[in-house]
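A.B. asks: Position chains B, C and D against the provided structure of chain A, taking the given hints into account.
From first to last, the protein sequence lines stand for chains A, B, C and D.
Plus 759 on top of the position in the first sequence (first one is 1) and you've got our numbering.
Plus 759 on top of the position in the second sequence (first one is 1) and you've got our numbering.
Plus 759 on top of the position in the third sequence (first one is 1) and you've got our numbering.
Plus 759 on top of the position in the fourth sequence (first one is 1) and you've got our numbering.
Just so you know, the hints here were simulated from the structure itself, not pulled from any lab data.
For clarity, every value in this text was computed on a predicted model and none was experimentally measured.
Take these hints with a grain of salt, some might be off.
Just so you know, same-sequence chains aren't split out, so a pair can sit in one copy or run between any two.
Stated by the list, open to error - Subject to a maximum C-alpha distance of 30 Å in a straight line, what follows is the list of computed DSS-like cross-link-like pairs (lysine-lysine):
| id | residue 1 | residue 2 |
| --- | --- | --- |
| 1 | K786 | K1007 |
| 2 | K980 | K1007 |
| 3 | K823 | K929 |
| 4 | K823 | K924 |
| 5 | K928 | K995 |
| 6 | K980 | K1003 |
| 7 | K1026 | K980 |
| 8 | K786 | K933 |
| 9 | K823 | K786 |
| 10 | K928 | K822 |
| 11 | K786 | K1003 |
| 12 | K965 | K980 |
| 13 | K980 | K924 |
| 14 | K995 | K933 |
| 15 | K928 | K823 |
| 16 | K823 | K965 |
| 17 | K995 | K786 |
| 18 | K980 | K928 |
| 19 | K924 | K786 |
There are 4 protein chains.
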Amino acid sequence: MARHGQWTDEITRGRFVMETGEDFLLKGYSLPMSPRGRAAIIDPPPWHYGGDVLHLAFRADAKKMRELLPPPLMPGPDPQEGVLWFTEWISASDANPDLSFVNPERSQYKECIVMVSCQFQGVTGYYVPYIWVDNDFTLVRGLFQGFPKKLGDVYITRLHDLTPKVGGKKAGAKVKGICVSGAQRIVEGSMEFERQAQPSDVPPVKFYLMRHFPGIEDITKPDIHEIASSRVADPKVADVWVGKGEAKFHASEFEEVADLGAVTVTKAFYYSLGITITGGEVLHRF
Amino acid sequence: MARHGQWTDEITRGRFVMETGEDFLLKGYSLPMSPRGRAAIIDPPPWHYGGDVLHLAFRADAKKMRELLPPPLMPGPDPQEGVLWFTEWISASDANPDLSFVNPERSQYKECIVMVSCQFQGVTGYYVPYIWVDNDFTLVRGLFQGFPKKLGDVYITRLHDLTPKVGGKKAGAKVKGICVSGAQRIVEGSMEFERQAQPSDVPPVKFYLMRHFPGIEDITKPDIHEIASSRVADPKVADVWVGKGEAKFHASEFEEVADLGAVTVTKAFYYSLGITITGGEVLHRF
Amino acid sequence: MARHGQWTDEITRGRFVMETGEDFLLKGYSLPMSPRGRAAIIDPPPWHYGGDVLHLAFRADAKKMRELLPPPLMPGPDPQEGVLWFTEWISASDANPDLSFVNPERSQYKECIVMVSCQFQGVTGYYVPYIWVDNDFTLVRGLFQGFPKKLGDVYITRLHDLTPKVGGKKAGAKVKGICVSGAQRIVEGSMEFERQAQPSDVPPVKFYLMRHFPGIEDITKPDIHEIASSRVADPKVADVWVGKGEAKFHASEFEEVADLGAVTVTKAFYYSLGITITGGEVLHRF
Amino acid sequence: MARHGQWTDEITRGRFVMETGEDFLLKGYSLPMSPRGRAAIIDPPPWHYGGDVLHLAFRADAKKMRELLPPPLMPGPDPQEGVLWFTEWISASDANPDLSFVNPERSQYKECIVMVSCQFQGVTGYYVPYIWVDNDFTLVRGLFQGFPKKLGDVYITRLHDLTPKVGGKKAGAKVKGICVSGAQRIVEGSMEFERQAQPSDVPPVKFYLMRHFPGIEDITKPDIHEIASSRVADPKVADVWVGKGEAKFHASEFEEVADLGAVTVTKAFYYSLGITITGGEVLHRF
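Looking at chain A on its own, in the form it has when it is part of the complex (with noise of 0.2 Å):
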C-alpha cells in the first residue's frame, strides 16, 4: 500500500498534504490527533524534566541481568551492576511551556525505573528492561522512546525542613520509594543520608530502549522492534547526597522482576536533576 501524500509539517504540529492537494486536518504529534492540535496526550519533544532522584547502584547475580538484555546489546563492564530510580518529575514542553501552571496534573509524575548496566558498539550504559509510572502522558511519551512503561502508583519519601520529626535534606536523613502495580508491591528502595558530595560523582545513565510496537494484520510481525537510545541534552545535576542504601524486588504473579533475586546496594545518591530529550537514536532494527 502506497503512501498518498507528503507529510510536510514544522516541527510540532503534524500537516500532511494529501496527493490530491487536500489537507490532512487533524494536527498532533502524537494521538489523538485534533482539528486544533490541543488533544494530543503529549507534545513533540524537546521534553524537559527537573526532579529529584533516589538513585540506588546495585549488584544482582550476573545470569540473571544477562536474560534481560536483547541483543546486539552486551553486558556492561560489570554485568552484575543495575541501577534503581525512584524519581518524581515536573515536565515541560516547548510547545506547552505553561503547562504545569495551566494544568499540574498533566505535567507531574513519579516512577520507579530498573536498570541494567550494558554496552552496544564499547559505549556503556543502561538497558531499561522494567519501569512503571503514574500518569498517562508519560506513559506514552516512555512508549515512544522505547521504555516499557506501566502504571504504578509510586510513593517516595519526602523530606521537609519545617516538619518536626522529619526535617530536610542532612545526615541521618531517610527517604524510601515503594511501587505498587497491578494490586501488588513490586519494588522499594531505601537510602540514609549520609554526606553530601559533587554532582560529578553521580554515575551519569545513558538510556538504551527497546522501541516495540506490535503489527495488527500479522501479530508475529511488529511494524516496530528496535533498539534506541536516548538524545539527552543539557543534564544538570545539583544538591547531591550520598549514603548508604537498600533495595528489594517483591514476587507477584506477573511481574519478572523479582527474578533477580536478592540484590546488594552499593551505592545510594540523591539529588536534583534537569534533563532535556530532543528525541532518540535507532542503533539496531530486528
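C.D. replies: For chains B, C and D alone, kept in the frame of chain A given last:
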C-alpha cells in the same frame, strides 16, 4: 539498517532468532519483554470483551463532525451522526484465560468512546477521535489498534435489583456516564429506560481507527501513520433496552471534544455486549 | 459548658434553634454542614444497599480471634469462626434517592470486611475489627456506625455471560477479591462456584461494632467509646452460589490482620444482597 | 447505660481496665483498635506538619460569607474576608516519627481549604466550612478536630530549579491549585510570584471548627455537636513570596462553595509552613 535475524515464534510469544543463531531471550507480545514472557502489559490477540454498554446515538454539526475525520475516510450517510459509548468491560485473552480470576485489576476497565459516522470504500462505520479509559493495559492495547486512548475516570450508574430506591433494569430506570480526565469533567451521557428491545435493534458498530507512532530520530516522520479497521469476531448482544437520552461535552483547556457544540441524542440503548478482536486491517498508509 | 439551644429538626435535616431564637442556618446530617444542606458527605439513614457479596466463612486460631473482641462482647459459639466479605455496593438514601443517577461516583463502592464470631447477652453475631472501602462517603458513614474503615483499593473478579473465556455464574466459575491498602496487598479471598443454593443457606450476619471518637481536649478521654449493633431492615438474599474457597491475610508494617495466621475457609458463598440500615443501638458505653 | 470501667492509659495508647479488672485488650487512639495498637488509622497528637502553602486571601459577598458561620461564631472584622489554601503536607506524629520513611503513603497529602473570617469572644480567626484532602488518615484526623473533610484530588503546580521552562521560585513564577471532588472540578486558585517577603507578612491563621458526630439511635440528636478551636504549637513560616492571585469556585450538583459567587483575590502568598497540633479546645456545645 538491516534486520539481523528472523522472527520465528508461534502466535502468542515473540521469540526471535538472531542471524548468529543466538536466541533472542526476551518474550512478550508487547513491552516489557521479559525472560518468561509474563511481564508484558498486554497479551496478544485474540482479545475477548464482555460488558454493558450505554450507547447514545447523537447528532451534531456536520462541519464540526467532518473536521474530525482523517482522509481517506469520508463522512457517513448521515454526516451529522455520532455515537457516545460508556462501557464497563471484563476482558480476557487466550494467553491468560484465567486473568480475571488471578488479578481482577488487570481485566476490568471502564471507557468513554466518542465516534463519528464515516465510510471507507462504501463501507460505513465509525471513526474514534476521542476515547478515555481507566487502566493501563487497555490504554496500550488501544494504541496498538489505533484507539487514541487517554486515562480518564469513568463513572457509570449501576442498577441492582436489590438496592432499594435504585432497583434493576426496568422502564423508568436511569443511568448516567461521566468521564473526568485531566482534572476536569469532559463528557456526560445519560439515558432513561423505556422498554426492552431486540439485539437486532442495536445499530452495529464498525471501528475505523488511526494507528500512529512518532519517529524518534526525525519527529516529523512518524514510524506508523495509517488508517485501520478492527477485525471483530463473534459479536453478541443481549438484554437490550431502549429509551431517551442526553449527552454533553464540557469545555476544557486541552480536550477539543466540546468543539462539537451542543448535541442531540436521537436514540439511547443499554445492552450487554460480547466481542472478540483478533487483530485489524490496515486500510491506508500515509 | 451548657447547650445553648434546641435541636428541633425533622429526621433528615439538622436545623437548630438557638436560645436567642436565632436559627442555626447550617444544615446537614453530617459535616460539612451548609446553607442548603447539599454538601454533607453523607445523608441521614435510612441507608439502602444492594450488591454482590463474596462471603468466605473461615476458621482461625481461637486465641487470636479472642484478642480481637472488645468487652463486653464474648466469643461466639464457635470461637474460631470468622467471615471475610468482599462486596461491591450500590447505595442510596431516602434523602437523595436519585444519587446513583446524578453522581454514580457517590453511590458505588467496594469493601473488604473481616468479621469475628461473637455474642452479646446470648445473641450471636460478628464483630468487625477491620474493614477497608474505596470511597469517602462510606468511610465516614461507617465511622458513625462503628465500622473502623480505612481506604483501600478493592478488586473483585466480575463474571459476565458475554465475556468469552470468563463467562457468567456457573459451576466452575472462579472469583477473587484483593484488598490493597497503604501500598500493600493486605487481604485475598477466592471461591470456585460449585452449585446454586437457597437464600436460607446463607448464614445471616449481625454486626457488632465499636463506635469511637477521640476527645480533643484530653486525648485519653474519648468523647464516644461504646459497643453498638446495626439496625438492619429488609434483608434480601438472591442468586446464591456455594463452593469452595481460600483466604489469606498478608503481613504488613501497620495492619495486624495477618496476626490471625493461616486461616481455613470452611464455606464459600456468592450472592446478591439488599439491606437497609436505619441506625443502630448502643449496647454498652465504657 | 453506665460506664463499666476506667480509662487509665498513658497519652499515646488507649488501655482500658474493666470493672472486672479485665484489661481491655484493644489499643489505639482511633479505630481500628487492635491488639498491638498498630492498625489505628491515625496516631494520637501531637501531630506535626510541614509543607508548602499557596495562600490566597479573597473577598466575597458579606451575606454569603455570613451564612457559612455557625453560632456562636460571629463575622470577623472584615466580614467579606476569606482565605483559600492549597497545601502539600508531610506529616508525622510522636508515636510514629519514622512513618514518612516506613510508609510515605501514610504521611503525605494535599489539601484545599476554604476559610471564612470570624471571631469568637473577640478573638479573630477563620471558620472552615469546606475542605478536601487526598488521603484517609488526614480525613479522619480532620473529623476528630472538626475539619469537614471530604476526599478530593488536589493538584498543585510544583516549581523546580532544574526543570527547563518551569524553573524554581522567582519573580514571574506561576503556581495553580485545582481541587476535583465527586467527578467535578470544584476549586481553582492561582498566583504569580512578585517578590520575596518576611514571615511576619503572612497573616496568621487560627482555625475555628465544628465537631459533629451523629447519634446512631436517634439521628436527630448528635452525639457531638460543638464549636472548637485547634491548639497549635510552634508555627514556623519560611521562604515567603507574595504576588497577585485569582480564585474560582465551580458550580456542582452537591458542593455549595460556588454559592459564594465571584471572589476577588486581594493578596497572594506562597510559603513554607511548619506547625504542631496538640489537640483543641471546645468553645461551645450546642
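A.B. asks: All hints are to be evaluated individually against the structure, with a verdict given for each.
C.D. replies: Right, here's what the structure says about each hint:
1. In the homo-oligomer, the alpha carbons of K786 and K1007 lie at most 30 Å apart only across protomers (24 Å), although the nearest pairing inside one protomer, at 44 Å, exceeds that limit.
2. Taking identical chains as interchangeable, the C-alpha atoms of K980 and K1007 are never at most 30 Å apart, the minima being 36 Å within one chain and 41 Å between chains.
3. Taking CA atoms no more than 30 Å apart as the test, K823 paired with K929 passes in neither setting, with 36 Å inside one copy and 43 Å between copies.
4. Within a single copy, K823 and K924 get their C-alpha atoms no closer than 40 Å, and across copies no closer than 34 Å, so neither meets the 30 Å cut-off.
5. With identical chains, the CA atoms of K928 and K995 are at most 30 Å apart both within one copy (19 Å) and between copies (18 Å).
6. Proximity of K980 to K1003 under the C-alpha cut-off of 30 Å is found in neither arrangement, the shortest distances being 46 Å within a copy and 43 Å between copies.
7. For the homomeric pair K1026 and K980, neither the shortest alpha-carbon distance inside one copy (41 Å) nor that between copies (41 Å) is at most 30 Å.
8. For the identical chains of this complex, K786 and K933 are inter-copy neighbours only, at 28 Å across copies versus 46 Å inside a copy, given an alpha-carbon limit of 30 Å.
9. Within a single copy, K823 and K786 get their C-alpha atoms only as close as 44 Å, which misses the 30 Å cut-off; across copies the closest is 15 Å, which meets it.
10. In this assembly of identical chains, the alpha carbons of K928 and K822 never lie at most 30 Å apart, being 37 Å within a copy and 46 Å across copies at closest.
11. In the homo-oligomer, the alpha carbons of K786 and K1003 never lie at most 30 Å apart, since the shortest distance is 49 Å inside one protomer and 35 Å across protomers.
12. With identical chains, the CA atoms of K965 and K980 are at most 30 Å apart both within one copy (29 Å) and between copies (24 Å).
13. With identical chains, the CA atoms of K980 and K924 are at most 30 Å apart between copies only, with a shortest distance of 26 Å across copies and 56 Å within one.
14. Within a single copy, K995 and K933 get their C-alpha atoms as close as 24 Å, and across copies as close as 23 Å, so both meet the 30 Å cut-off.
15. In the homo-oligomer, the alpha carbons of K928 and K823 never lie at most 30 Å apart, since the shortest distance is 35 Å inside one protomer and 42 Å across protomers.
16. With identical chains, the CA atoms of K823 and K965 are at most 30 Å apart within one copy only, with a shortest distance of 21 Å there and 45 Å across copies.
17. In this assembly of identical chains, K995 and K786 lie within 30 Å of each other by CA distance neither inside one copy nor across copies; the values are 33 Å within and 36 Å between.
18. Taking the closest pair of Cα atoms, K980 and K928 never come within 30 Å of each other, the shortest separation being 50 Å inside a single copy and 38 Å across copies.
19. Proximity of K924 to K786 under the C-alpha cut-off of 30 Å is restricted to the inter-copy arrangement: shortest distance 23 Å between copies versus 51 Å within a copy.
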